[in-house]
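> The primary structure of each chain is shown beneath.
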Amino acid sequence: MTMESEGTPAADGTATEVGAVDEAEGLEKTVRGRRIRAPRISTLLGQYGLLIAWAIVVLFFTLLPGTSQTFPTAGNFATILGSQAVIVILTLGLLVPLTAGDYDLSVGFTLTLAAMLVAVLNVQHHWPIVLAILVALGAGAMVGLVNGAFILFFRIDSIIVTLGTGTFAGGLVLLISGSNTISGVSANLVDWVIVNRLFGIPLEFYYGLLLCLVMWYVFELTPLGRRLLFVGRGRNVARLSGINVNRVRLGALVTSGMVSAVAGVAYAGTTGAADPTSGTQLLLPAFAAAFLGATTIAPGRFNPVGCLVAVYFLVTGITGFQLLGAQSYVQSLFYGGALVIAVALSQIARRRQALDTGG
Amino acid sequence: MTPGKETPGGRSGPDGATISPERAPILTVRGLSKSFGGTRALVDVSLDVLPGEVHGLLGENGSGKSTLIKILAGYHAPDAGEIRIRSTPVKLPLAPGQFRRLGMDFVHQDLGLIPSLTVLENLRVGDLAGRGRLYISWKRERLMARRTFQRYGLDLDPRARVAELSAVERALLAIVRAVEGMRRSSAQAHTEQGLLFLDEPTAFLPRDQVDRLFALVRQIARSNAGVVFVSHDLDEVMAITDRVTVLRNGRRVGSVRTAQTSHGELVHLIVGRELQGVEELPREPRRERPLVCVRELCGGQLQRTSFEVHEHEVLGLTGLVGAGYEEIPYLLFGARTATAGELEVDGRSLRLDSLTPSRAIAAGIGLIPADRQRDGSVGSLSTTDNLTLPVLRNYFRRLALSWSLMRRDAHRLMSAFDVRPPDPALPYAALSGGNQQKVVLAKWLQTRPRLLLLHEPTQGVDVGARQRITRLVREAAAAGTAVVCASADHEQVAALCDRVLIFTRGRLAGELAGDEVTKERITARCLMAGQG
Ligand SMILES: Nc1ncnc2c1ncn2[C@@H]1O[C@H](COP(=O)(O)OP(=O)(O)OP(=O)(O)O)[C@@H](O)[C@H]1O
Ligand SMILES: [Mg+2]
Chain R
1 MTMESEGTPA ADGTATEVGA VDEAEGLEKT VRGRRIRAPR ISTLLGQYGL LIAWAIVVLF
61 FTLLPGTSQT FPTAGNFATI LGSQAVIVIL TLGLLVPLTA GDYDLSVGFT LTLAAMLVAV
121 LNVQHHWPIV LAILVALGAG AMVGLVNGAF ILFFRIDSII VTLGTGTFAG GLVLLISGSN
181 TISGVSANLV DWVIVNRLFG IPLEFYYGLL LCLVMWYVFE LTPLGRRLLF VGRGRNVARL
241 SGINVNRVRL GALVTSGMVS AVAGVAYAGT TGAADPTSGT QLLLPAFAAA FLGATTIAPG
301 RFNPVGCLVA VYFLVTGITG FQLLGAQSYV QSLFYGGALV IAVALSQIAR RRQALDTGG
Chain W
1 MTPGKETPGG RSGPDGATIS PERAPILTVR GLSKSFGGTR ALVDVSLDVL PGEVHGLLGE
61 NGSGKSTLIK ILAGYHAPDA GEIRIRSTPV KLPLAPGQFR RLGMDFVHQD LGLIPSLTVL
121 ENLRVGDLAG RGRLYISWKR ERLMARRTFQ RYGLDLDPRA RVAELSAVER ALLAIVRAVE
181 GMRRSSAQAH TEQGLLFLDE PTAFLPRDQV DRLFALVRQI ARSNAGVVFV SHDLDEVMAI
241 TDRVTVLRNG RRVGSVRTAQ TSHGELVHLI VGRELQGVEE LPREPRRERP LVCVRELCGG
301 QLQRTSFEVH EHEVLGLTGL VGAGYEEIPY LLFGARTATA GELEVDGRSL RLDSLTPSRA
361 IAAGIGLIPA DRQRDGSVGS LSTTDNLTLP VLRNYFRRLA LSWSLMRRDA HRLMSAFDVR
421 PPDPALPYAA LSGGNQQKVV LAKWLQTRPR LLLLHEPTQG VDVGARQRIT RLVREAAAAG
481 TAVVCASADH EQVAALCDRV LIFTRGRLAG ELAGDEVTKE RITARCLMAG QG
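Chain order of the listed sequences is R and W. Counting from 1, position 261 in the first sequence corresponds to residue 261 in this note's numbering; the numbering is continuous, with no gaps. Counting from 1, position 238 in the second sequence corresponds to residue 238 in this note's numbering; the numbering is continuous, with no gaps.
Wrong hints could be hidden among the right ones.
Not the full set, but computed from the structure, chain W residues with beta-carbon under 10 Å of chain R [said to hold, decoys possible]:
#	residue
1	P357
2	A400
3	L401
What the hints contain is simulated information worked out from the structure, not anything from laboratory work. Note that the structure is predicted; figures quoted are calculated from it, not measured. Don't be surprised by glycine CBs; every beta carbon is placed ideally from N, CA and C.
Taking the hints into account, I'd like the entire structure generated from these sequences.
Spelled out as structure tokens, the structure:
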């Protein structure tokens, strides 16, 4: 069994061998090229456990006396789906470097920087909104480039580099905003993000969905997705198979920078404003969703669909508790608790499997 | 004597070997079975290891040798069976790490080292993890590690990261760790009857190191411990073992005393049929125009080496350890950067000091590295994923990868290369060692390279498969590929190559061609060159 090289994020949330995980999974599926038995309960649980948990949460708040009036309404579901697209987009961006084996802790700050650039340029300097957005996206790409340059050229650990550049971007935000919240972003943007609706759900939701589909396509159905995966799992193997490992890693970091910036633009559109601290609070949810998502749909792999499920699972729970009248601290309890418990549960399911198959 | 019945003088083991009370087996395995999904890796296997015995464990790739050893290490849980150690029954499955308290230690096939940690940390991992120490004096540990290495005649820096070691050094580290571990733990268990398991320890080792390992193994056996030794090299098995047990498809097909058997009989037991000798492929006459020219290659230990390879030719590179020949495949592929030199493939010239693997591949070069765990394929991904990686472009049709086509071709390739089981969905790591090697070979041969670079291509591969791989490589050569094969295994070089270059201390020291290419001649020339 191969060991992963140092500092490679393991999709199951532990920093140990990745091999053991998939090994058990793959063996379940086929032996000698054909299916020998229906997938076991534990496999199904591992694969769809989070979806089931989500259904249970929805059912719980629908039946609970305190929320049975407010929770199961079209308006509430529209809010749940629409309002969290920012986290969806942010998490999807994060998946790219995670798959390639690098952590990107700067995504939250990049989001804030992009949102703030849009607000400052559009509100204070009266730039056309499209131009402001382009500049924001450019800034996101820049952050990714700087990350890549330091990680690849100086061979520094990605955690350290992105923590540094993220903090730096956070400083830039305070500088350009004077530590103030800036509101009054172009109504055009707000319209296109949250006001205009399709089937009663804000457009923002569809942007997240679209991005998820695109990423699923790239990950599953293109050679690029395969290369990304191999770079993350075995750098040497990738390099000796003719993959330009550095280019792939750089591309992944620039992608996550740009997608974070897109999330930032969506954020500015959702709130019509930009505040200097919001992004930092989105970092943990994004990581929680990425790792939680890696325990479902395609367990053991960071995957876009799993990540979508994970975000909405977390948000549904939080919304339910808030409707109950719980304070905002519930959010932290839920994100933190759900992450640890869910990862632990999937580990237990796996360990049972590992005993069955001897992995 | 009735089998199985206790008689005053002794009783009989499963293999009919008489076991006297004073030589009661250290290890008794009875009826051990293990399946993975639908694969029956072990079926009702029994085995005895006596004190002072070197016991060979033989069988084709995937016959269950490593599985048996991993059960004893507590890594796999068996489905059925019982195990006694020094006549005391052991509860199954063994807890992880329990083997240490029982006086056993292991060199696993994949060595079981953690590449990101240092030599010292790897050496002491079992010991450090185990006991409730308050603190670790690293300085003292380093000193002790240095002394330990000295005792084994090794020059290893305890602070070096294992990832930076050569394959040979890593194997030696794993061996030293296991021998030390066994000695320590059997001392703690107050017995001299320890057990050492060596799962293909010689696959990475050059000839002279193998000799030293054997001396060590004999010394251990003399101290009354038992050694279980796995190897596909029957000459080694004949040289070192007292008895052998042969597995076929997970079943024990027999145990024999080494002194009472022969090479041919062992092959027959392992394969289950007579193996016809390798058919002599016609050695192609040299063409006028060489297909590959290497000029003034410098890098690593190599100094200004030049040679040519012709179309249809298999060129062997060999020498003693440290001769530098084993770096040539990596330098010609850009996996390691040369300091100078030029490579011409099929009229196309490449500068070796700026060569990268992707450029090499574009020029029609393929490399099969010796370290399949690190460089060959990714264990956690499926064989389909691994096999199709270099040829993904062919499967990208109508804007999407065709997974059905990829799986079909992977299955076809696995069947053609006799990978068992030929299941394209299996994770690469679930294949046995020899089958992993066949997958790596298939991965590159499917690209039909102009120049194929091999480093120890049949390492860890069983007798039957070795012939098959030799034939596959020769067929590739017959189809027009120029092949360069670096190997310390002279028998293999003789079986595979048309011409052999012999290296000493980074320089070309001799050449054998035609009828001169025999195992004996190669070994003799290596030794001669080494002294000269
Ligand atoms: N973790 C696993 N999951 C599924 N199948 C496995 C696993 N480990 C081993 N096997 C299967 O069990 C069989 C025995 O494998 P094992 O590794 O014991 O063979 P081996 O005799 O050591 O072969 P080799 O000489 O190639 O090392 C093979 O068919 C292999 O594919
Ligand atoms: Mg093995």
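> Next, verify each hint and record whether it holds.
Here's how the hints hold up against the structure:
Hint on W/P357 holds. Least Cβ distance to chain R is approximately 5 Å, under the 10 Å limit. A hinted interface residue such as W/A400 counts as satisfied when its beta carbon comes closer than 10 Å to some beta carbon of chain R; here the least separation is about 4 Å, so the hint holds. A least Cβ separation of about 5 Å between W/L401 and chain R falls short of the 10 Å threshold, and the interface hint therefore holds.
Hint compliance for this structure: no hint is broken.
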